[in-house]
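Protein chains: 4
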Amino acid sequence: MIVILKPNAATESIVELKAALRKKGLQIHESQGKTTTILGLVGDTAALSEDQLLTYEAVECVKRIREPYKLANKNVHPKPTVVEVCGQKIGGGHFQVIAGPCSIESEEQITEVAKDVKASGAGLLRGGAFKPRTSPYAFQGLHENGLALLLEAKRATGLPVVTEIMSTSHLGLFDDVDVIQVGTRNMQNFELLKELGKLDKPILLKRGMANTLDELLMSAEYIMAGGNERVILCERGIRTFETSTRNTLDISAIPMLKKKTHLPVLVDPSHAAGLRFMVEPLSMAAIAAGADGLMIEVHNNPSQALCDGPQSLTPPMFDDLMKKIRETVRFFGMQ
Amino acid sequence: MIVILKPNAATESIVELKAALRKKGLQIHESQGKTTTILGLVGDTAALSEDQLLTYEAVECVKRIREPYKLANKNVHPKPTVVEVCGQKIGGGHFQVIAGPCSIESEEQITEVAKDVKASGAGLLRGGAFKPRTSPYAFQGLHENGLALLLEAKRATGLPVVTEIMSTSHLGLFDDVDVIQVGTRNMQNFELLKELGKLDKPILLKRGMANTLDELLMSAEYIMAGGNERVILCERGIRTFETSTRNTLDISAIPMLKKKTHLPVLVDPSHAAGLRFMVEPLSMAAIAAGADGLMIEVHNNPSQALCDGPQSLTPPMFDDLMKKIRETVRFFGMQ
Amino acid sequence: MIVILKPNAATESIVELKAALRKKGLQIHESQGKTTTILGLVGDTAALSEDQLLTYEAVECVKRIREPYKLANKNVHPKPTVVEVCGQKIGGGHFQVIAGPCSIESEEQITEVAKDVKASGAGLLRGGAFKPRTSPYAFQGLHENGLALLLEAKRATGLPVVTEIMSTSHLGLFDDVDVIQVGTRNMQNFELLKELGKLDKPILLKRGMANTLDELLMSAEYIMAGGNERVILCERGIRTFETSTRNTLDISAIPMLKKKTHLPVLVDPSHAAGLRFMVEPLSMAAIAAGADGLMIEVHNNPSQALCDGPQSLTPPMFDDLMKKIRETVRFFGMQ
Amino acid sequence: MIVILKPNAATESIVELKAALRKKGLQIHESQGKTTTILGLVGDTAALSEDQLLTYEAVECVKRIREPYKLANKNVHPKPTVVEVCGQKIGGGHFQVIAGPCSIESEEQITEVAKDVKASGAGLLRGGAFKPRTSPYAFQGLHENGLALLLEAKRATGLPVVTEIMSTSHLGLFDDVDVIQVGTRNMQNFELLKELGKLDKPILLKRGMANTLDELLMSAEYIMAGGNERVILCERGIRTFETSTRNTLDISAIPMLKKKTHLPVLVDPSHAAGLRFMVEPLSMAAIAAGADGLMIEVHNNPSQALCDGPQSLTPPMFDDLMKKIRETVRFFGMQ
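Chains as they are written, first to last, in the working numbering: chain C, 535 to 869; chain Y, 535 to 869; chain F, 535 to 869; chain E, 535 to 869.
Where hints are given, some of them may not hold.
A pair counts as met if it fits within one copy or between any two copies, since identical chains are not told apart.
[Unchecked claim] Here are the simulated DSS-like cross-link-like pairs (lysine-lysine), alpha carbons at most 25 Å apart as the crow flies:
#, residue 1, residue 2
1, Lys858, Lys792
2, Lys540, Lys604
3, Lys857, Lys793
4, Lys623, Lys858
5, Lys735, Lys608
No lab work stands behind these hints: they were computed from the structure.
Source: prediction; values computed, not measured.
Construct the complete structure from the given sequences, taking the supplied hints into account.
Given below as structure tokens:
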């Protein structure tokens, strides 16, 4: 970390600053230029915040040179992480498709969709039992019953299952779930992240609608710092001024995350655009940009879906898409 | 709610749509124009989502005419809500200042600041015991011990206290807290909101960094739908492309919320800008725009603050500001 | 257009509104529901603004059903437009790469780059003579001399040339330019657009950094309404809160524009991210999402470039990329 | 400017970088820390772009310490600039209200409004003759005739006039205009700014919808660098994700600009929100935050207005508002 001092900083304020930095165990390398004095800080600066340094009278500005995340950092761990879920590999050249309905509605619905997406080649089954809905009057999911139905669909098809958690108090219900998803609204629910860090189970961490990539990686770091390093990141669209799509898929997030971290990166084209006709082109773009997998909404009867119908594919549409996905994945050199 | 049909919609798809709408208990008023057929829906449309209607083949577009929030709606409850906390009134012409440090650090710190802000005229004391920090390596708050110190400061000064909750699992620790704050990152932590709806205690609900005003009101509705109607809203800056301030204070949110809802609206100028010199002009602007109160960070030693130092005022600065606040509040006809 | 009246609108205010609408030559189809009265307007509503209707006392809200653009509208002109430039086709399955330096710096530089990109397979040469720079102290381009050098490079290689115009007063200098580019900062310089509408020359219209897709199409409409229908659209990244890339490439813009308009859509991956290593993955994503071409910055000596060096490829890098582009274009069924 | 080198930068790449910097006339102050080498650049770094430095192999990152604007910089010119227009002062404690219709529609309309706003206490008259409209089919203004009517209204009332220019080719028509306005869509129309820099006439420069404050100041710098230092800045709302207001008024821009520059800062509450009921609270907020003036839309018949009716006040509404503005301006110590 580089601390640039004010040109006219009082000597005593500089002395105070240096004492405080040394107290934090940091070494200071000072360099006095003609107009500017710079302090280079050596040591563990990950816990040091730019904000805190700015409170010192003597400080003009601060520049972080090393990233504040360690465990998620590609510099520290250059080899891509491959997350394995019941034999299915994600990352490091292994591409996976997670498919299923937005919410679990009935045994028939989830089992039927599970069989269909398996037949089409999906590697994991998704389905929501706890649904974060903007309105308290909207369908909130089947909760425990939903999880039970999801596990039944798992038994019927052998597909590992992914489902969202909304509160630490529900953790006990997720024992048999294969991958726990943290939704976009909970990306910075730090108490939840800390609890998930204690588990021995992959976590699918979705980017918050208005969070930067560095914030996403810091949230991954929360989970990893607890001991659970099996984190899968997921880009699902960010909030911008554009209104013709529900969110704006940040396609650049894929190469940028691949540069910053060794963790696998998925893309959710269904939530990004919120429109069915966009699922195919955005899926193709995600593969082309280097994603490690896709998360796609499939419903056997979209117009009866209790949530997110307009973006769901029917099983035949998904089957067609999977053929294209397989060819495109192969074209871009993944398996 | 108005549903506009596609010009070339097939008769059977229209029949299917109407049957589904009637099944939801809605009355349909159809009007056939020369080029467009429109269905007006009468009944409880709050639970109906635009998205769901769009999945029907026959639907071109949907327009909601009534707001999806009911309990928070000013049309339903035109008189401004006055929230009372240990005798301090907020809303309906009663202006309040909540002041204190970002985080509680020691008995000495919190008690000293509490005495100072009381002497300057603050009505409530704030202080964080559970801190949502972007980095897992940053100071996370004193937790239970922090709450104990805050309650001690309350006993020492008589000021009611406001502090943030981060998880439903901590609820038991908040029994003696006067106002529970929901932070910006948890505005859509719906499981937490539902639990807070069961309490008999005012809730200070901060707007999410990237949430619209309608989403803020829907989150208030979650709390109110549970039975707890004592919700105080707080604008604290939104995320935009501008980088010279930490966030962009959405000053228009005040008159707009005042038009939409009867709930009191506070402004947090400290977090909005993240810069000390802006606290005064933004406080003045908030009063002028019609806010019901302010939430201001005060620290007895900002450069030693464990978080958010650059935006904290010292007690003497706060004392000066309070004089201006009092005069300005009076000038604009509040008390 | 649908106009929804206030439930309690006074009869005289309704009469006033209807008279005004009829005066504009519109037919009114009224439908009175139980709680809501709706007016359906038939006729040329493109010139009617929602804003204007909202000023009438009686109006609750307005919903536009047909898009406000006509000439750019796919509904009106379903076949994709193919723009031809000196024999090079863009659109309708014809993929083109436009390559060259951000700014023209010397005869040697532009001619050398032109030969290199032609050898690698680029179809058009780009190079800026008038440069819109944030700072008045930064290099502003070689102006007339730059255009002369660009035309020399055209003669040397046979490549048609694309270059940016910044003012109507420079129009006379652009006679021999093959495609005139409107930059992101001038997308709503309507006086310039009107002048370009009078030319018989293709216009490359870049999306404004903070403009919606509908606004982009309305700007295209300005050019087309003047009689020049050879407009090529270009997505080049929008402004968001994310700071790790210069802008956020809106990949969804490609399928969305393809749905709304018949005009060809290019992508500029160099400006979108502002980072060299991203040019390849974003180029692949653009092709996969259905773009009709790419615009890529190539410089023979990026670290000496007078602008935008960090995002420029060297000729050998571009040569490698072109091989991948050709294969990928073929894979996705274009030529 | 501080240049931080890569830890493992090759000696020859460092030599190349230093040679290039010296060639630009900059002095280099090098400091070698344990892990990081830093170059401090002394000299005229305003023309140096961060981007350009990043193209050098050896460079890790760059930090600008001094702002890139000079003439607009408060450090260089600490006393607030007072712009005088026909005896009316703006800035340095002098508060002004500019009022009038969005567009000039007829002699009667503009003269009537001019008399009304003068009677209520406005200091300048606004009215648009060239209107930047999103749609080519919308009313584009009365052009020359509009300017003639505006000047007639000036003669009738003695009010100096402010009106927008959209193209350098219209400059000849603006000789008798007192203040030329640059609209939000032209803030980075650099060719126009350069021409305005040659005039001896105040320029009202509106912030672009998606431009940072530093970019606004760089655009002011374009005008000032040409010799015209009478620039008045105007905040008019930025583009964000919030949809309940047309734009989001960035109230923090006022204190931030006041810190960065000596130029006067106005606020346009009419365009910011696009809603009549917000004009008063936003005007109050602007005064409270330290603005030097307001720009307010007034129309004698808003529902017949050819543009922006929903945000226009009627003359009686404006008269009421002016009473409050005068008292509030006095309360906050301005005249």
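Okay, the hints, checked on the actual structure:
1. Taking identical chains as interchangeable, the C-alpha atoms of lysine 858 and lysine 792 lie at most 25 Å apart whether they share a chain (24 Å) or sit on different chains (20 Å).
2. In this homomeric assembly, lysine 540 and lysine 604 come within 25 Å of each other (Cα to Cα) only across copies, at 19 Å, whereas the closest approach inside a single copy is 30 Å.
3. When the C-alpha separation of lysine 857 and lysine 793 is checked against a cutoff of 25 Å, the pair qualifies only between copies, where the shortest distance is 23 Å, while the shortest distance within a copy is 29 Å.
4. For the identical chains of this complex, lysine 623 and lysine 858 are intra-copy neighbours only, at 20 Å inside a copy versus 27 Å across copies, given an alpha-carbon limit of 25 Å.
5. For the identical chains of this complex, lysine 735 and lysine 608 are intra-copy neighbours only, at 22 Å inside a copy versus 46 Å across copies, given an alpha-carbon limit of 25 Å.
Consistency with the previously given hints is maintained throughout, with no hint failing.
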